[in-house]
Amino acid sequence: MKGGWFKVYAIVYLVFLYAPIILLPMFAFNDATIISFPLTGFSTRWFEEMLDKPALSLAVKNSLFIAVTSSILATTLGVFAARASTRYRFPMKAGLMGLIMLPLVLPEIIVAVSLLVVLLGLGVSLSLWTVILGHVLICTPFCIAILSSAFQSLDQSLEEAAYDLGESAASTFRLIILPLVMPGIISSLLISFTISLDEFIIAFFLAGTEPTLPVYIFSQFRFPQAVPVIMALGTVLVCLSIVLLTIAEYFRRRGIAKAGGKDTGGFL
Amino acid sequence: MTEKPTMIAFQDVQKYYGDYHALRGITATIRAGEFFSLLGPSGCGKTTLLRTIAGFEGISSGAVMIDGRNMEGVPANQRPTNMVFQSYAIFPHLSVGENVGFGLRRAGLSKAEMASRVGEALDMVGLKDYGDRAAHALSGGQRQRVALARALILKPKVLLLDEPLSALDKKMREQMQVELIRLQRQVGITFILVTHDQEEALVMSDRIAVMFEGEIAQLADPESLYRRPNSRKVANFIGTMNFLPAHILGESGGQIEVEAKGFGNLTLAAEQAPGAASGEGASVGFRPETLTILFEGQVASDREAMAVIEEVVYFGDMTYYDVKLDGSDAPVRISMRNVFGRPVLDIGMRTRVAWSPGALVLFR
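Protein sequence lines, in the order shown, are assigned to chains C and R.
To convert a position in the first sequence, counted from 1, into the working numbering, add 362.
To convert a position in the second sequence, counted from 1, into the working numbering, add 171.
Calculated directly from the structure, the hints in this document are not laboratory data.
Think of the CB as a built atom: it goes at the ideal place given N, C-alpha and C, for glycine as much as any other residue.
Errors might be hidden in some of the hints.
[Said to hold, decoys possible] Some residues of chain R that are not near chain C, with every Cβ distance over 10 Å (derived):
| hint | residue |
| --- | --- |
| 1 | Asp183 |
| 2 | Phe256 |
| 3 | Glu482 |
[As the list claims (entries may be wrong)] With beta-carbon atoms standing in for the labels, derived distance ranges:
| hint | chain 1 | residue 1 | chain 2 | residue 2 | range |
| --- | --- | --- | --- | --- | --- |
| 4 | R | Lys328 | C | Leu464 | 31 to 41 Å |
| 5 | C | Asp414 | R | Arg276 | 52 to 62 Å |
| 6 | R | Leu280 | C | Ala456 | 40 to 50 Å |
| 7 | R | Gly189 | C | Ile373 | 52 to 62 Å |
| 8 | C | Phe442 | R | Arg276 | 21 to 31 Å |
Just need the whole structure built from these sequences, with the hints factored in.
Written as structure tokens, this is what we have:
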């Protein structure tokens, strides 16, 4: 049976990858406090309980604020870097771009600990803004990766043509470049939003007294009776992440098609 | 015909990219209303020179004047030039009409005026009802026309065309050549075309500047360029030219006495040696169609030589013969129109060849 083992391998691989995630909604809708089989009955009470926990809604609010702010900042920085790396030549460009992309592969715990040490050393008190700082740091490389592909597929003579027809550098950027890379920008915003929303280590180290959603979830595991609520919350988060990533990829691909380029990468 | 006024003047234009000397002292003038071509192989600086007119490239020294005004420090968006890019650079997110009207955004026209100007421009390039179409759905030839309409709508003093036909297939290219000539006559704007295709330059231009390695090798009208190239390099770049080694015997009173292998001793007019000495030794050059293979019994109108046919290449309407003239070592190519009732000759036959000293060019 040719390829049979590959089929088995592929199935085992997918089960291993997705089984834990499928367990989330199963227990989220299960009518029991204890996480174990057999399932006892269908219930939506964990979702209801989830909605009236003030600490949880505060954590959600914190996380949303951090995610929105970091994704905007990281994408703005990403636009500058991607534009510079695709359009201009400058000394040590490769080295500089490498340094900017490095946080992509640095262990987050190292980033978190060293940021903490530096911030405490500088006497900065921990707050949501210190988390934002950390998240911008780890999101920016992803933004640059997405935006570089958007900027690269842009024909340079489009800019020259607009300039030639009387527009200034600023209005050329607004009228030609921005609309054409907009799908990339939206995709970059969504990806960094997703990364920031479920980031734990940096948030755990730098959040001070205000927990983010992942930090809150982690703290709740000390209480067995809270676990089904976390399962419900997890279900909501997984759905949200999938939706966001799909939208991001849709915009990235549309952007490349619009600029008449060829797809050369991406995350999905 | 009176001499037209100067539109563009290059005064000793130098351009360096780091150590690379891209433009080496370009001095030339382009007249108003002229169809002018910059012709040369890739890397000769022709596109760089065009971009110095548009303002996309600065120059290291010298001056670029447009209509009597020095363009130093004038940015591209304030120059009276518009450009058709090699890739056409059609804005993919705008409609055809929005693309064409893009340059009018700053003119402060009413919606109706704008629409009528855009309509006129589209009509001019034969895309009358295409205004609402999406730009990315156009064919290559249509993109080319949109790019033309967009560049001409501002009524620039000079239209710059950067290899505009190189992306089209042969048939489309020939059609667009004719259309461009017609368009240029209609609008009367100075057109400057960059091309590496010598045939395209000969067909379309009033005058051509042939460029090699950052310098203008020769600037002349197509006929002079073809008939009297001033160097072997120019002669080889434009069409086919035969060369036979020659020896200069003496010069006097506008006449040059030459001994050429296969042709014997001849007297050439001074204008038949347009080039400066190259140090490569003298030779005479001639185009394949300036020699004629004679019929049995046909009388030469000018001079005659004997030759052996070494190669025959049949093209339907033409036949190319490679023949070795008596007294010369290298074969030369002769192109003959195939006339009804006249046989194509075979390899190895001896034949008489008619030639004329007036058709020769002396290189020294």
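Results of checking the hints against the structure:
With a closest Cβ-Cβ approach of about 26 Å to chain C, R/Asp183 is found to remain outside the 10 Å limit, as its non-interface label requires. Not every Cβ of chain C is farther than 10 Å from the Cβ of R/Phe256; the closest lies at roughly 4 Å, contradicting the non-interface assignment. For R/Glu482, the requirement that its beta carbon stay farther than 10 Å from each beta carbon of chain C is met, with the minimum near 45 Å. Separated by about 52 Å at the C-beta atoms, R/Lys328 and C/Leu464 break the suggested range of 31 to 41 Å.
Under the hint 52 to 62 Å, the C-beta atoms of C/Asp414 and R/Arg276, about 55 Å apart, fit the expected range. About 47 Å separates the C-beta atoms of R/Leu280 and C/Ala456, a value consistent with the hinted range of 40 to 50 Å. For R/Gly189 and C/Ile373, the Cβ-Cβ distance of about 58 Å falls inside the hinted range of 52 to 62 Å, so the restraint holds. In this structure the supplied range 21 to 31 Å holds for C/Phe442 paired with R/Arg276, their Cβ-Cβ distance being about 26 Å.
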